[in-house]
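J.: Put together the whole structure using the sequences plus the hints.
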Amino acid sequence: MMTLRAAFSLLFLFLLPACGYQLAGTGASQLPPHLKTIAIPVFDNVSQEPTINRNLTERIRQSFLRDGRLQLVRSTANADLVLTGKLTGYSIRAVAFDDRDVVTEYWVYIDIDVLVKDQVKNRTHLKQTLKTRWDYRPSINVIDAEASRQAAFLQAYRLLGNRLVSLIIDQF
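Residue numbering for the sequence shown is -24 to -1, 1 to 148, as defined by mature numbering (1 follows the signal peptide of the UniProt record, and there is no 0).
Hint data in this document are derived by calculation from the structure and do not stem from the laboratory. Check the hints yourself; a few may be wrong.
Here are the simulated lysine-lysine pairs, PhoX-like style, with alpha carbons at most 20 angstroms apart [claimed, not checked]:
#, residue 1, residue 2
1, Lys62, Lys93
2, Lys62, Lys12
3, Lys97, Lys12
4, Lys62, Lys107
Ranges of calculated distance between the beta carbons of each label pair, as one might list FRET restraints [said to hold, decoys possible]:
#, residue 1, residue 2, range
5, Thr100, Lys12, 17 to 25 angstroms
6, Asp75, Gly44, 48 to 56 angstroms
7, Pro8, Tyr85, 33 to 41 angstroms
8, Val18, Thr108, 14 to 22 angstroms
9, Thr52, Asp75, 51 to 59 angstroms
10, Pro9, Lys103, 17 to 25 angstroms
Every residue, glycine too, gets a C-beta built ideally from N, C-alpha and C.
T.: Spelled out as structure tokens, the structure:
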């Protein structure tokens, strides 16, 4: 009985690496071989929140840097792909209240339009609208409440950045 268990354990250990699991950013890219660099200019902003487009753009750039399969370049003239975007929507909505009608949870909504242009072949690689939502709990302390709101923004930006990496590189 012990040899049967040992045989199954050994078989399991040999088959485990073949399951197809891989870490994000380490697999083969679904991009054509001529696409190696990307430029991401600061997103335009038509929302009612004046400066959040810069932080959004920076988080999206960080997502591509973290992934590492496309080299991020500063100049659009030197890039194989150019990702341009527009922040089209931003809102915060109260979604939960306590028994005294005090807000206990907010949702941050962010909408963006993106266009990814293949400059080598002069064609559109991706054109899409993305929407995301992230929640946060406010605090009675004004400073803590603002910190929670900013943290929710950063998480929403990170989520959008990761989705863009997946859509552009993995085409998934």
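J.: Now tell me if each hint is right for this structure.
T.: Right, here's what the structure says about each hint:
A hinted pair counts as satisfied when its Cα atoms are at most 20 angstroms apart, and Lys62 with Lys93 qualifies at roughly 14 angstroms. Between the alpha carbons of Lys62 and Lys12 the distance comes to roughly 24 angstroms, so the proposed pair goes past 20 angstroms and is violated. Restraint check: the Cα-Cα separation between Lys97 and Lys12 comes to about 13 angstroms, which is no more than 20 angstroms; the hinted pair holds. The suggested pairing of Lys62 with Lys107 holds, with an alpha-carbon distance near 12 angstroms, which does not exceed 20 angstroms.
Checked against the given bound of 17 to 25 angstroms, the beta carbons of Thr100 and Lys12, roughly 18 angstroms apart, stay inside it. For Asp75 and Gly44, the Cβ-Cβ distance of about 49 angstroms falls inside the hinted range of 48 to 56 angstroms, so the restraint holds. Taking the beta carbon of each, Pro8 and Tyr85 are about 34 angstroms apart, inside 33 to 41 angstroms as hinted. Between Val18 and Thr108 the Cβ separation comes to about 19 angstroms, which falls inside the hinted range of 14 to 22 angstroms.
In this structure the hint that Thr52 and Asp75 lie 51 to 59 angstroms apart at CB holds, the actual value being about 54 angstroms. Range check, Pro9 to Lys103: Cβ separation about 22 angstroms, and the 17 to 25 angstroms hint holds.
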